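Engineer: Each chain, letter by letter, is given below.
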Amino acid sequence: MAQLLDMQAIGKRFGHVTALENGQLTLSKGEVHALLGVNGAGKSTMIKILSGVYGQDSGEIRLNGEIISLRSPKQAKAHGIYCVYQEVDTAIVADLTVAENILMDSFASAGSFLLSKQKINKQAKEALAKLQSEEISVTRKAGTLTLAEKQLVLIARALVHSAKLIIFDEPTAPLSLTESDKLFSVIRKLSSEGVGCVFISHRLPEVFEISDRITVMREGKWVNTFVTAESDSGQIIEAMLGEALSHELEHQTHATGENLLDVRGLSDGGKLKDISLSVKAGEIVGIVGLVGAGKTELAKALFGAANSVSGSVEIAGKQTRIKHPEDAIRAGMALIPEERRKEGLFVHETLRANASFPNLRKFSTKLFMNKTAENKFAEDIIDKLKIKTGDTETPLVHLSGGNQQKVAIGKWMSLDSLLYLFDEPTKGVDIGAKVDIFKLIRELAGSGKGCLYFSSEIHEAIGISDRILVMCDGQIVKELSRQEATQERILFYASGGKEEHIKTEKLNERERSPVSV
Amino acid sequence: MKENAVQFLFKYGAIILLIAIILYFSSISDAFFSYGNFSDILRSISIVTLLALGVTFTLVVDGFDLSVGSTMSLSTVVTASLMVWYDMPLWLVLLLPLLIGVAVGLVNSFLITVIGIPDLLATLSMMYIVAGLHRTYTEGYSIYNNMPLTSGGTAPGQLSEAFLWIGQGQMLGLPVPVWIMVIMVLAAYVILNHTRWGRILYMTGGNAEAATLSGVNVKRVKTSAYIISGVFASMAGILFTARVGSGQIDAGAPLLMEAVAAVFVGYSVLGAGKPNALGTFFGAAVIGILLNGLTIQNLPYYAFDIIKGAVLVAALAVTYVYANNKFSKS
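Chains as they are written, first to last, in this note's numbering: chain A, 1 to 517; chain B, 1 to 330.
Errors might be hidden in some of the hints.
Subject to a maximum C-alpha distance of 20 Å in a straight line, what follows is the list of computed PhoX-like cross-link-like pairs (lysine-lysine) [stated by the list, open to error]: (1) A/K323 to B/K219; (2) B/K274 to A/K342; (3) A/K439 to A/K384; (4) A/K362 to A/K376; (5) B/K219 to A/K342; (6) A/K130 to A/K221; (7) A/K141 to A/K125; (8) A/K280 to A/K478; (9) A/K221 to A/K427.
Non-contacting residues of chain B with respect to chain A, defined by C-beta distances greater than 12 Å in every case (computed) [unchecked claim]: (10) I15; (11) L174; (12) G198.
Since the hints were derived computationally from the structure, they do not count as laboratory data.
Note that the coordinates shown come from a computational prediction; the quantities given were computed from them, not determined experimentally.
For each residue, glycine too, the CB sits at the ideal point set by N, CA and C.
Please construct the entire structure, taking both the sequences and the accompanying hints into account.
Structural biologist: The structure is reproduced here in structure tokens:
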């Protein structure tokens, strides 16, 4: 097959942070090439460079053998490179019709001043027909479409401009299995027409199903490129994680004790409906669901950071009313929120001030702050959590994501809480920090604390949890023991679990490669 | 290189500016660099500094109190009226205006934390309401000793000597208002920088959501900041009455922007990058010295606002250029 794209030795820095050191990617015409790597491996930087969002600091990009410069998304599009982002809503204008959305780029750029509705509708219809999606009416408002339909609209947008290369950035993350299958048939059709596809996904079984080759990245570097048909998931996982983390994701058993948390019939009058769960001392309970399943809402409701929560909560056997995070902390809870920069940390403040904040009383005598005690504690957690920082007075903006996350966890250590709520603690965190965070969570459980681990990274949840609760649409739909939990089972229940009859066959087939990263 | 220059300017710019201003005025006027004149300058900025300290507290919690000027006006006329109209004892004369400040702070924080109006708009509305209240209270007249009353006759009371001493007296070689200002600046500094409450105020301002999830009751913290702001504005009003010897209406209105400018100049003192008590005092001093020097130079008073505005713009420019530089890289 003819070489379409060749990216070599791509480098990109943001201030002091090296996002990409040696990015490589080659793509032939009509190839589906999967780009894999854990969060922070540099995949998004690669595709943002390819789609013109960032310019690379070093390295070359060749398209059809010619060196090209992609300094803006507009230039990338002019070269026929289109991207279907995971957050489709950022690329869709909800108030415009489907047809207008599909042809948006053509009237955003130059061209005739007047728009013919009929012409637009006709062109849009043709594009959708190519995707076997005629059922989407081109005159509907795009805001009323489902996520899957919005993706198709974006793909159609790429098609009307005769795209040569389409990047799919985690397109299946929010999709159900049927919707994913539909998407795959569209991708196959595109590739049969010679369009090169870059496919990013965290779900390994899909990658094996759809891709021709797989490029793995780790910590901003190219690791290896595999021919899909000649490789197995074990190889890929080790390439992605490195040895350290693969080991950390093997489950370790430990003793559990009495119930620490007992929740009955918790609802928040909106997303969350009738949730019951319990956590024992020394137990790590994974709460897994797709993006938007209500995990964060649940974590906040438990922690008293949501309005109109009803239901009963018992902590260590005592009925507790939690109206505000203040109450939750007093009752012995700690929350490491998902959006750490927005909700967990004071990024412009020093590490010292962040670390002491949840428990200021401990670091003050009478009304006055005791900076010596604060410093000592900050140094303790720097040591204990291996935080890489200049000193205790460094503002957190200068720390990497993983080290920030460690501070967000470490700041609770002075309280000696009973129960820790981790909401996506590994999001945007590099591998080394991930390993440290897993170790820390295990240590906490080992010392008799209860942990709730909210995550949409299914493989990580399987690795760390003793028990898994699957969430879908604001409810807990399934409880799986450690032994029962597999990637596909969880995904099945997390995406609605109503496709039982049609999908059993497919599921079995996919279960042959149960782990996905 | 450019980065270093910005950093240097941010840290020492305000101080260099102050020294430059002092040197310049000293070189062209003998009257300027004297103990008497500096003690005058300090006395003239004492009222603005109190007002600005209140604004500092609200800016620390990421709010903004525009109503301080009006609160000061209200406090000014109430203080005078308590003595002139009602002949009240001194302790009540000092206490009641402070309670008014607390009340304004409570209403402000009710609008902001309970109803959810943005700080700037809520306090802007209160600025008008309180200004209107104080004019209505005096029916548009200033209050002075033995003034004729609209109900006939003259007012029974007078501003007492003890009261006037607060605004006009001397103590240990410095005017009493200067002592009050120094004590309040130091108190605010200690509270903001060295107490638990101060830490909570700053963290709430830094990231209210993270503060909430760390167990802080953000509404209560904001309320406390607005109450402090109201109390400082009332103090400024009391001091103004004692200084002038009568209850002028609209005393606080022109001081609002000066106070705000002082706080923003204070942002950049020694690279604090956030509202802080010492910086606020310093900012008030820069503006005070500038205006004093220009007065000696016979700059007409009606041109002063140009200078105040320019100082505010310069301070904001330095602060924002620096902030954009410092935090844009991540």
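Engineer: Please list, smallest to largest, the hint numbers that this structure does not respect.
Structural biologist: 6 and 12
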